[in-house]
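Trainee: Now for the letters of each chain:
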Amino acid sequence: MDTTRLMDWDKVAGVKKPKSVFWRLTFIIPAAILLMVVIMAIFAPLLAPYPYDQIALTERLLPPAFMEGGSTAHILGTDLVGRDILSRIIYGAQISLSVSLVVIFITASIGTALGIISGYLGGRLDAFLMRVTDMSLAFPAILIALLFAATIGPGYWTVVIALSLLGWAPYARLIRGEALKLREADFVAQARIIGTPPIRIMVRHIFPNIINPLIIMATLMVGMVILTEAVLSYLGAGIPPPAASWGNMVNDGRSLLDVAWWISTFPGIAIGLVVMAGNFLGDWLRDTLDPRLRQI
Amino acid sequence: MNKVLLQVEDLRTYFFTRKGVVKAVDGISFYVREGETFGIAGESGCGKTVTGLSILRLLPEPGGQIVGGNIILDGTNLMELDKKEMRKYRGRMISMILQDPMTSLNPVYTIGDQIAESVRLRHDLPDNMVEPEVISALRLLNIPSPETILQQYPFQLSGGMRQRVVGAIAMSCRPRLLIADEPTTALDATIQAQYLALFKDVQKKTNVAIIFITHDFGVIADMCHRVAVMYAGKIVETATTKAIFNEPKHPYTSALINSVPRLERKDTRLYSIKGQPPSLVNLPAGCRFAPRCPVAKTVCREQEPPEVDIGDGHSVSCWRVR
Numbered sequence: 006m007d008t009t010r011l012m013d014w015d016k017v018a019g020v021k022k023p024k025s026v027f028w029r030l031t032f033i034i035p036a037a038i039l040l041m042v043v044i045m046a047i048f049a050p051l052l053a054p055y056p057y058d059q060i061a062l063t064e065r066l067l068p069p070a071f072m073e074g075g076s077t078a079h080i081l082g083t084d085l086v087g088r089d090i091l092s093r094i095i096y097g098a099q100i101s102l103s104v105s106l107v108v109i110f111i112t113a114s115i116g117t118a119l120g121i122i123s124g125y126l127g128g129r130l131d132a133f134l135m136r137v138t139d140m141s142l143a144f145p146a147i148l149i150a151l152l153f154a155a156t157i158g159p160g161y162w163t164v165v166i167a168l169s170l171l172g173w174a175p176y177a178r179l180i181r182g183e184a185l186k187l188r189e190a191d192f193v194a195q196a197r198i199i200g201t202p203p204i205r206i207m208v209r210h211i212f213p214n215i216i217n218p219l220i221i222m223a224t225l226m227v228g229m230v231i232l233t234e235a236v237l238s239y240l241g242a243g244i245p246p247p248a249a250s251w252g253n254m255v256n257d258g259r260s261l262l263d264v265a266w267w268i269s270t271f272p273g274i275a276i277g278l279v280v281m282a283g284n285f286l287g288d289w290l291r292d293t294l295d296p297r298l299r300q301i
Numbered sequence: 003m004n005k006v007l008l009q010v011e012d013l014r015t016y017f018f019t020r021k022g023v024v025k026a027v028d029g030i031s032f033y034v035r036e037g038e039t040f041g042i043a044g045e046s047g048c049g050k051t052v053t054g055l056s057i058l059r060l061l062p063e064p065g066g067q068i069v070g071g072n073i074i075l076d077g078t079n080l081m082e083l084d085k086k087e088m089r090k091y092r093g094r095m096i097s098m099i100l101q102d103p104m105t106s107l108n109p110v111y112t113i114g115d116q117i118a119e120s121v122r123l124r125h126d127l128p129d130n131m132v133e134p135e136v137i138s139a140l141r142l143l144n145i146p147s148p149e150t151i152l153q154q155y156p157f158q159l160s161g162g163m164r165q166r167v168v169g170a171i172a173m174s175c176r177p178r179l180l181i182a183d184e185p186t187t188a189l190d191a192t193i194q195a196q197y198l199a200l201f202k203d204v205q206k207k208t209n210v211a212i213i214f215i216t217h218d219f220g221v222i223a224d225m226c227h228r229v230a231v232m233y234a235g236k237i238v239e240t241a242t243t244k245a246i247f248n249e250p251k252h253p254y255t256s257a258l259i260n261s262v263p264r265l266e267r268k269d270t271r272l273y274s275i276k277g278q279p280p281s282l283v284n285l286p287a288g289c290r291f292a293p294r295c296p297v298a299k300t301v302c303r304e305q306e307p308p309e310v311d312i313g314d315g316h317s318v319s320c321w322r323v324r
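Keeping their order, the protein sequence lines are chains A and B. For the first sequence, the numbering used here begins at 6 and goes up steadily by one. For the second sequence, the numbering used here begins at 3 and goes up steadily by one.
Since the hints were made in silico from the structure, they are not lab data. Predicted model only: the values in this text are computed from it and were never measured. A few of these clues could be false.
[What the hints assert, rightly or not] Derived pair list, reagent style DSS-like, types lysine-lysine, alpha-carbon separation capped at 27 angstroms:
no.: 1; chain 1: B; residue 1: LYS299; chain 2: B; residue 2: LYS276
no.: 2; chain 1: B; residue 1: LYS90; chain 2: B; residue 2: LYS206
no.: 3; chain 1: B; residue 1: LYS207; chain 2: B; residue 2: LYS90
no.: 4; chain 1: B; residue 1: LYS244; chain 2: B; residue 2: LYS202
no.: 5; chain 1: B; residue 1: LYS25; chain 2: B; residue 2: LYS206
no.: 6; chain 1: A; residue 1: LYS186; chain 2: B; residue 2: LYS85
no.: 7; chain 1: B; residue 1: LYS251; chain 2: A; residue 2: LYS186
no.: 8; chain 1: B; residue 1: LYS299; chain 2: A; residue 2: LYS186
no.: 9; chain 1: B; residue 1: LYS276; chain 2: B; residue 2: LYS251
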């Protein structure tokens, strides 16, 4: 008899069942995609059928294997100078992944540190840091990056530094708000009561409680960073050719979209998949790291 | 008689706000003996909690400031310590239990981790010594099966159990003075009684001096040896608990005691004090209670009454008491 159940709790909105198949898939699929990208990046020379910069003028603009005129030698086709798209995507994973990881690591570290210090200590330091943050947020990042590239020349580290230069600001703003809220929390007061030094409070009590928004921010930034890197590459301030980055591949094919759509599309799909995988994984991590959600 | 552990002299704590200076605590003096429970009673906003935080020198920033007075703990004037030295006194010498057990534990750590943190902060113990110390802190607060509780997160515990854990953290460094800021307000009546009994038990075992901040005269009667009644930032009467209940001298104290519901007086309406406590920014001239006092005289509205000692440690600030 089902009458003993007053309410179907499984269907109540917001109640997740961590062990359901769907729940597992939201972890497995994005994790698999990211793992694949990582493997691609690490073992690119072994996996790629051709070197990323091997030009074959006789095989220019070959369509993907499944299309008429395509060949299994170039599964995803070739570009304007006959370079293999698949190989370039595999090599491109190296750049996209390492740029976004390095940039996110740098910006998240700086932003979190400044945000916590600003929010917890408050006062004039807070006012000063937040005005600097405001200025950083108001400045167009692309402009700074271009200026930077024009001064020291394009390259990998130019992109990393250019993106990090202003990229910390959104983290600082977000984390400062969280720290401000936590500063007034009773458990922080309790920590001060037992004589915990301020640095320890910031590291032990404030930081673990802001990890959730930090993770969400960082995963959202994966997409942002990859896209900005692409834009920089397009403007000639990014990763210089012949190196393959997904961004400069998309831009390579931009003018050929009507004759050879595959040049832009496949790296575009790669960007989309990685960005989505990052977001899903971020969500999953958030729900898992929070012990309150884990028990439901 | 035990020796005096804490002596507060003419403590003044003000908050500097845009609307003016809020005199939350305005010249209060009292002392607490070792192993004694000293109650501070009064209605909301009279400065009870600020008194507690002032003793720890942990006032809300920005704005809160101790502008005068001495806080002497076991011969050391806490007002003369710098930040670092003061931090060493917190936890080890003075500890405090906050009102709401639901929010005073960090949600991301297990109970064991949180008590271990305070244990480590105090005694430089080798790692294998930390857990026994943590378990003994939990035992002190009569927490059943401490080994299980260690692994749990705060949200898995009931309010009463969390408040015990908060007590265990506060007591884990074996402080000599414990400030309990309405620790039972968030608990229901039966748990409250258990918790109060626990306090007495802990005090018996450790000889800790307790400052019990509450608005509940029932709790005062149950727990405290001596009581100070606060009104608008001042102590109006200090006496032994017995004297406060049997022969209250200050009209405010009598009014408060009359406002407690009693079983034997079912027929009459519950007494309530007319009016509102004064704004701490614009205090009235003379006695602060005068505008609400049923027996106020002209002098009450003009001059502040001095504190008069009427013997047996009973002191009152009222023009009617000579």
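Trainee: All the hints need checking, so say for each whether the structure fits it.
Mentor: Hints versus structure:
1. The suggested pairing of LYS299 (chain B) with LYS276 (chain B) holds, with an alpha-carbon distance near 17 angstroms, which does not exceed 27 angstroms.
2. Restraint check for LYS90 (chain B) and LYS206 (chain B): satisfied, since their Cα atoms lie roughly 25 angstroms apart, inside the 27 angstroms limit.
3. Between the alpha carbons of LYS207 (chain B) and LYS90 (chain B) the distance comes to roughly 23 angstroms, so the proposed pair stays at or under 27 angstroms and holds.
4. Restraint check: the Cα-Cα separation between LYS244 (chain B) and LYS202 (chain B) comes to about 18 angstroms, which is no more than 27 angstroms; the hinted pair holds.
5. Straight-line distance between C-alpha atoms of LYS25 (chain B) and LYS206 (chain B) comes to about 36 angstroms, which puts the hinted pair past the 27 angstroms bound.
6. Simply put, LYS186 (chain A) and LYS85 (chain B) have alpha-carbon atoms about 24 angstroms apart, close enough for the 27 angstroms limit, and the pair holds.
7. Simply put, LYS251 (chain B) and LYS186 (chain A) have alpha-carbon atoms about 44 angstroms apart, too far for the 27 angstroms limit, and the pair is violated.
8. For the suggested pair LYS299 (chain B) and LYS186 (chain A), the alpha carbons sit about 48 angstroms apart, so the restraint of at most 27 angstroms is broken.
9. For the hint pairing LYS276 (chain B) with LYS251 (chain B), the CA-to-CA distance comes to about 19 angstroms; that is within 27 angstroms, so the pair holds.
Taken one by one, the earlier hints fail for this structure at numbers 5, 7 and 8, listed in ascending order.
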